[in-house]
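Chemist: Here is what each chain is made of, one letter per residue.
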Amino acid sequence: MQTHKYDVVIVGAGGAGMRAALESSTRARTAVLTKLYPTRSHTGAAQGGMCAALANVEEDNWEWHTFDTVKGGDYLVDQDAAEVMCKEAIDAVVDLEKMGLPFNRTPAGRIDQRRFGGHTRNHGEAPVRRSCYAADRTGHMILQTLYQNCVKQDVEFFNEFYVLDLLMTPDADGVEVASGVVAYELATGEIHIFNAKAVILATGGFGKVFKTTSNAHTLTGDGMGVVWRKGLPLEDMEFFQFHPTGLAGLGILLSEAARGEGAILRNADGERFMERYAPTIKDLAPRDIVARSMANEVREGRGAGPHKDYVLLDLTHLPREQIDAKLPDITEFARTYLGVEPYTEPVPVYPTAHYAMGGVPTNIEAEVLRNNVDVVPGLYAAGEVACVSVHGSNRLGTNSLLDINVFGRRAGIAAAEYALKAELPELPADPQVMVEAMVSTLLTSTGAEKVNVIRTELQNTMDRNAQVFRTEESLAEAEAEIHALRARYADVAISDKGKRYNSDLLEAVELGFLLDLAEVLVISARNRKESRGGHAREDYLERDDVNYMKHTMAYRGADGEVNLDWKPVVVTRYQPMARKY
Amino acid sequence: MSEIQMSEDRSEERAGSEQRPATSGSRTYDAHFQVWRGDTEGGDLTDYTVEVNEGEVVLDIIHRLQATQAGDLACRWNCKAGKCGSCSAEINGRPRLMCMTRMSTFTEAETITVTPMRAFPVIKDLVTDVSFNYVKASEVPAFAPPAGVAPGDYRMAQVDVERSQEFRKCIECFLCQDTCHVVRDHEENKTAFAGPRFLMRVAELDMHPLDAADRQHQAQEEFGLGYCNITKCCTEVCPEHIKITDNALIPMKERVADRKYDPLVWLGSKIGRRER
Ligand SMILES: Cc1cc2nc3c(=O)[nH]c(=O)nc-3n(C[C@H](O)[C@H](O)[C@H](O)COP(=O)(O)OP(=O)(O)OC[C@H]3O[C@@H](n4cnc5c(N)ncnc54)[C@H](O)[C@@H]3O)c2cc1C
Ligand code: SF4
Ligand code: SF4
Ligand code: FES
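Going down the list, the sequences are from chains A and B. Residue numbers for the first sequence follow the numbering used here, so the first one is 1 and each next one is one higher. Residue numbers for the second sequence follow the numbering used here, so the first one is 1001 and each next one is one higher.
It is possible that part of the hints are untrue.
Unchecked claim - Keeping only pairs whose Cα atoms sit at most 30 Å apart, straight-line, the calculated DSS-like set for lysine-lysine is:
| id | chain 1 | residue 1 | chain 2 | residue 2 |
| --- | --- | --- | --- | --- |
| 1 | B | K1243 | A | K98 |
| 2 | B | K1243 | A | K152 |
| 3 | B | K1136 | A | K98 |
| 4 | A | K326 | B | K1169 |
| 5 | B | K1243 | A | K326 |
| 6 | A | K98 | B | K1253 |
| 7 | B | K1243 | B | K1253 |
| 8 | A | K87 | A | K5 |
| 9 | B | K1232 | A | K326 |
It should be emphasised that the hints constitute simulated quantities derived from the structure, not laboratory data. Keep in mind that this is a model prediction, so the values were computed, not measured.
Please take these sequences and the hints and turn them into a complete structure.
Modeler: Below you can see the structure in the form of structure tokens.
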């Protein structure tokens, strides 16, 4: 076991973690711990773009952007946070450009902007061109740019280090403050203690609770899971965004850009069914609406394919040159994974679990909340792991790349400034015990259960019962199945007993986090008897502002049970209105 | 090489004729695999017979091995969509992404070998220590913002931006680094030669219309541009289809040559480009 001491420890090297590192490392001694090499982080998969009211191509302002964000989030957005994000968006884009990111240009040489779902001028009047983009690789180029600048600033990275526990120590007044993290080094199997004045969580989402997901293998919600096991709350976990166009059966994302370029969704009869659900904007309706319409077509027997379990994304009427120039990834995915030729055949698609709106509650300084008002000194969170909440119950496209830059930066500054004033907290006694016990239990277990079997069953029940349509019965069934799976998880055994690059072991640990988070998601969803944004209840079809215009706060009880509470929504300028497109 | 080329051509034909979505899962057969198992101490090819279903890629088969026969088989992967650059390996000796190699590119009778990238030290099984690349990455100075232009006032032409965007598609899979003969079997060249990925990175910065640093000297003197004899093997294996040799390395060589001949060319090119 090794012990390291830093001012600031950042967990995660995606967009949020590295943006934080750029700020924190110039002010305080900073280490970044990441289970993946930084440039393999999931931020790299984001294609669409990053919105900011630069007004480079047409009139726009941050206030309109704020309105769209609030409305898109079905009014569950904390409006103070949305204002901060939309105001600081402009500098966030300029900062990236200054770091060398090659955004696409207008003929006048300025940063070009394009339309994206839900972004409008003057409070919904007409679509506005607000998304800044770099070809179809915006997230990838952000990740690379941030990484290169971290290298320039000599940020210390600990790659393929898995953080499995958060350390907290009571201060003089008995308040628990963050004092570091415990990490497992994949290459060697060694346990490392990082003692720090401030900790920033930037571990991304947990899409792997679902079977059909656009999320990568490693998005197992570790940061949320670690915080949860410390008795700290998780906010709005029932709100998950399902992106309409995942490759059927696989979940790999086909960007919204396909429909932007004119691709059409059809059912088995070849009907353009979105005309029935959203007569004005049809295929370009917001994600939650399109995803539900697709699921409904399948449910009512109009699905395509041998099992009638998907719909079709039709690009065949588009010129090949346009497909090649604008949608190269889509054609490559369809050919490689489905053996489908998009020039001549429609592509099978189905909604895919995409983005966690909920997460670790923070305030606008990225400080983690221990309840509705108090913070945990020294603990920060930013990016998909956090819930500030700028996305409310449904995130607008392009607002996540923005979120990670704005709140990643804020977290980096706040954590470093806090660290400069704080003493290094003492470590709790035997800081490694929890992780050591977890690892040795798994290594020595002779149980009969297998990780991949339990994971598959979990993902199946989540897809079946907690996806785009939810009811009391379906959620109750999911809850019961998760409980049964948790019991079986106690008996899980792994076949790799070694120390060197033991991914078998880590997958078992990650499954533990997934089970915890799936349970919180389902129980929070059962408790919210309304439909809002990404959470659609068939037994409660309407949004209910009288009873549910408030955030869910989930806490882990003494026996591991889930206890629920509420937190008010911050409303500054916009009162809830019906959400029509 | 020609054999692999042939089976790839076959796959192109099939893509047009078979067209069965993975969701219908009809055909299944048993394939013969040889996977390299071992660690720093050494290792060997191990034989496996494993089920293959329609529409699968090599990474699916590796996962099936882990689930059914070889729970301790190590491999890196994350996105399973050819975007994170983790799952690089050599399939039948050719550097490829396991998640983007369709099983239908092989015949059912064929034995398929999967081995770790040869140019880097093995950690375990298919996992290699690629830190060499991160050392090289850290040696390339980042974008140098132009003096006298305020952030927000940057003006660039789309054509210039597109040039660096092509190189920016790189997912750092390091397959090009693995295949380049300058380092593939020549450990001794690693200090003097950064490899195609990082020479391309230098070229990208050099072609950035607003970058203020001198990249050409560095490319030649520190990163060993001169070692490259434009065989284009790197371009052939790049899963992002970046024309590394034609669009980055050769133009960079030309710029360096121009400049050797006349240092004023460099100055002129930078000033000229800034005016646009
Ligand atoms: C296919 C796809 C397309 C998208 N397109 C867009 C788009 O166009 N626009 C947009 O705004 N948003 C988009 N999104 C959403 C957006 O990309 C993500 O929400 C965002 O990138 C998350 O960034 P992050 O920094 O929070 O997390 P990530 O980039 O996921 O990074 C998480 C980091 O945490 C580390 N980590 C995790 N667990 C541990 C642990 N236990 N120990 C140590 N390290 C750990 C990982 O190694 C990684 O470095 C897209 C998402 C997907 C899946
Ligand atoms: S073209 Fe140059 S860099 Fe590429 S493989 Fe050949 S020698 Fe190496
Ligand atoms: S240039 Fe191509 S082959 Fe080389 S690392 Fe980048 S993506 Fe991989
Ligand atoms: S798993 Fe990401 S490139 Fe293959």
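Chemist: Which of the listed hints are broken here?
Modeler: 8
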